[in-house]
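Those protein sequences? They're chains G and Z, same order as listed. With positions in the first sequence counted from 1, the corresponding number in my numbering is that position plus 6. With positions in the second sequence counted from 1, the corresponding number in my numbering is that position plus 279.
Derived from the structure by calculation, the hints contain no laboratory data. From a predicted model like this one, the values you see are computed outputs, not experimental measurements. Note that CB positions come from ideal geometry on N, CA and C, so glycine has one too. Some clues are possibly wrong.
Taking lysine-lysine and the DSSO-like style, the derived pairs with C-alpha atoms no more than 30 Å apart in a straight line are [what the hints assert, rightly or not]:
| no. | chain 1 | residue 1 | chain 2 | residue 2 |
| --- | --- | --- | --- | --- |
| 1 | G | Lys274 | G | Lys211 |
| 2 | G | Lys318 | G | Lys274 |
| 3 | Z | Lys572 | G | Lys153 |
| 4 | G | Lys158 | Z | Lys330 |
| 5 | G | Lys318 | G | Lys30 |
| 6 | Z | Lys326 | G | Lys158 |
| 7 | G | Lys23 | G | Lys211 |
| 8 | Z | Lys535 | G | Lys129 |
| 9 | G | Lys287 | G | Lys319 |
| 10 | G | Lys286 | G | Lys318 |
| 11 | G | Lys252 | Z | Lys330 |
| 12 | G | Lys155 | Z | Lys535 |
| 13 | Z | Lys326 | G | Lys155 |
| 14 | Z | Lys326 | G | Lys153 |
| 15 | Z | Lys480 | Z | Lys572 |
| 16 | G | Lys252 | G | Lys286 |
| 17 | G | Lys49 | G | Lys274 |
| 18 | G | Lys252 | G | Lys24 |
| 19 | Z | Lys531 | Z | Lys572 |
| 20 | G | Lys211 | G | Lys49 |
| 21 | Z | Lys572 | Z | Lys535 |
| 22 | Z | Lys326 | G | Lys252 |
| 23 | G | Lys274 | G | Lys55 |
| 24 | G | Lys49 | G | Lys275 |
| 25 | Z | Lys318 | Z | Lys480 |
| 26 | Z | Lys330 | G | Lys153 |
| 27 | G | Lys275 | G | Lys286 |
| 28 | G | Lys155 | Z | Lys330 |
In silico contact screen, one side only, chain G against chain Z (beta carbon under 7 Å); selected entries [said to hold, decoys possible]:
| no. | residue |
| --- | --- |
| 29 | Leu146 |
| 30 | Tyr154 |
| 31 | Ala174 |
| 32 | Glu177 |
| 33 | Ser337 |
| 34 | Ser338 |
| 35 | Asp342 |
Every beta carbon over 10 Å from chain G, so not counted as near; a handful from chain Z, in silico [stated by the list, open to error]:
| no. | residue |
| --- | --- |
| 36 | Asn314 |
| 37 | Phe365 |
| 38 | Thr402 |
| 39 | Asp445 |
| 40 | Glu507 |
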Amino acid sequence: MNKTPKSPDYSGYDINKKLTPEDKIEIYRTLTRMRRFEQGTQKPYSQGKMGGFLHLYIGQESVATGTISLCGENDHVITAYRCHAHALACGMTMNECMAELFGKYSGSSKGKGGSMHLFAPDKNFWGGHGIVGGQTPLGLGLAYGLKYKGLKGCCLCYLGDGTVNQGAFHESLNIAELHSIPVIYIIENNGYSMGTSQSRSSAYKDSLAQRADGYGMAWDVVNGEDIYEVRAKTQVAIDRAHNESKPTILEITTYRYFGHSVADANHKKYRTPEEITEYKKLHDPVNLWKTRMIEEAILTEESAKEIDKQAKKEVDNSVAFAEAAEDPPLSSIFDDVYWEVDNDTESGNTGRHFFND
Amino acid sequence: MREILYRHALREAFDEELARDENVVIIGEEVAEYNGAYKVTEGLWDKWGDKRIVDTPISEAGFIGMGIGASMLGIRPVMELMFWSFHSVAFDQLVNNAANVRYMSGGKCNCPIVVRGPANGGTNVGATHSHTPEGLFASFPGLKVISPATPADAKGLMKSAIRDNDPVYVMENTLLYGMSGPVPDPADGDFTIPLGVADIKREGTDVTLVAHGRSTLLALAAAEILQEEHGISAEVVDLRSIRPLDQDTIIKSVMKTNRAVMVDESKPFCGVSAQIITLIQEYAFDYLDAPIKRVTTLDAPAIYAPAIENEQLPTPARIVEKVLSITPVKS
Chain G
7 MNKTPKSPDY
17 SGYDINKKLT
27 PEDKIEIYRT
37 LTRMRRFEQG
47 TQKPYSQGKM
57 GGFLHLYIGQ
67 ESVATGTISL
77 CGENDHVITA
87 YRCHAHALAC
97 GMTMNECMAE
107 LFGKYSGSSK
117 GKGGSMHLFA
127 PDKNFWGGHG
137 IVGGQTPLGL
147 GLAYGLKYKG
157 LKGCCLCYLG
167 DGTVNQGAFH
177 ESLNIAELHS
187 IPVIYIIENN
197 GYSMGTSQSR
207 SSAYKDSLAQ
217 RADGYGMAWD
227 VVNGEDIYEV
237 RAKTQVAIDR
247 AHNESKPTIL
257 EITTYRYFGH
267 SVADANHKKY
277 RTPEEITEYK
287 KLHDPVNLWK
297 TRMIEEAILT
307 EESAKEIDKQ
317 AKKEVDNSVA
327 FAEAAEDPPL
337 SSIFDDVYWE
347 VDNDTESGNT
357 GRHFFND
Chain Z
280 MREILYRHAL
290 REAFDEELAR
300 DENVVIIGEE
310 VAEYNGAYKV
320 TEGLWDKWGD
330 KRIVDTPISE
340 AGFIGMGIGA
350 SMLGIRPVME
360 LMFWSFHSVA
370 FDQLVNNAAN
380 VRYMSGGKCN
390 CPIVVRGPAN
400 GGTNVGATHS
410 HTPEGLFASF
420 PGLKVISPAT
430 PADAKGLMKS
440 AIRDNDPVYV
450 MENTLLYGMS
460 GPVPDPADGD
470 FTIPLGVADI
480 KREGTDVTLV
490 AHGRSTLLAL
500 AAAEILQEEH
510 GISAEVVDLR
520 SIRPLDQDTI
530 IKSVMKTNRA
540 VMVDESKPFC
550 GVSAQIITLI
560 QEYAFDYLDA
570 PIKRVTTLDA
580 PAIYAPAIEN
590 EQLPTPARIV
600 EKVLSITPVK
610 S
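Using the sequences and the accompanying hints, generate a full structural model.
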């Protein structure tokens, strides 16, 4: 686990001074909805109502919340498989998200993607990608596409601390700097690439983001538990992308409370229970924001509790929605393979596309 | 009709599509200032400039993934692999992302890309540079694979590939780039050939030779020998498109000739020929007068030795031999 030195106060930075009380409450609502959503998946998952893997974001909520709170019309988001929170922050409804986890037809990908592959392109959210590092060239491409179209925007491309050792990531960094592509790589450093700690998986001097130096690229390290800091430092990168069309690496330190996935049986063996307890007690991003908001007289214990109650109810409703939702029809296996086939075009009707006996 | 080189037919396709659609962009190693490692994109950078013709570092996973990401936003990248053999360093992008992103997003993402380059043996560059992965990529639903044998097919299919809204992988051939053939003049109108339509390159009655890419030319040479020396009339079906596949044309031909020999530069194990044979036995079993035979690249990594590499690939002599093993000689 990364020890981050005590941060200076970032609340006075311009981008944070612009926040209205409503904005700050909305941030709390987003944090709470993420936390409650992830908690709400655990029971149905353990009951076998969901398949596959379930990578929970609990403990990391401030990263997606803080960074995505800065996104404008032409700013896009792509991430890896720990993606539920990013999808919610971009505006995917809990119903679509939960139904996808249940593999239902009303899920965000009609039950074709599952937990690791959530998509909402209409909300600038491009997945949800299962292969470590596979999304890093795609994020580069989204940003390249924005630049090609002459739009003032950027792509926030999230990755874990283990991903910094994938080749595709380094190829992307080189191209990003070489071609001045407005992509922001956000390393969500939770200290562990699955069961291997940062010190056992990465060779580095002071930080992982520092590897950007090798490409002449701007970088920064961010204390992820402080949303004011996350927003202040991410805005610098967004301004760089928008105004100079230049990339950045941000390494945002954070922590996950649960295992790599729910199926990670060893997550209390490769780290101590005390480490988890200490983080929960001293660094929990949801609690820290709540405390800060109470100090600022934006929230009260009661109003915070009410927001939490609403989030929990929304999650309960989404579980009920997902349980009652229809399974995909067997015939839908062949939908969404080829655009031309789905759209019944001349091309889609020429030649044999599928080879079932 | 005018005759132009295969590489110039491809270049003409790019030039016309760059003019037709501002979202078309050519991306790859040495495609711009160097004019293309095989001169396929020669002159395009001079004409279209940095935005439309983009040189990349030697980072196939990086730039192909970049093109896939951009395509999701509506850009239409045409990406050159200097050799299709380099697919292996970009495999995650070519398969996990390009083939699957539409599916995994429930149809919300599209991937209108073209990945193209030469995929062939026969140039003494050893096993790492001589892969023929058309069967490999055709085995992934979501991908389309084409392999044009002539300049006209190269141009017409490439234009369709660029306009297609699915990922299309185009397998060209360094041995074909310098061959010339008739290609309709652009002044006579927009010339495209649809994906999924085979072409009977030579009509015949006694045996069907099914081929694609340069193997089509070998099959045609063999057909000539069969006619001249053995009185056997061979029909040559050029698949042109591996997936989607024009099954009807293959089956109709076999129903007519009652015999079939596959000619396929892929390796035999699970190669394109294996799939075609499965379809023939399923849909034309009762029409067959003999077992289906095939001529593929001999089943070992591509040998370097210039003296014998060509013997590892399909040859007209081996095709003739296989045909004679199942076809009664008439003369």
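(message) Tell me the numbers of any earlier hints that the structure contravenes, in ascending order.
(response) 3, 7, 8, 12, 16, 20, 33, 34 and 39
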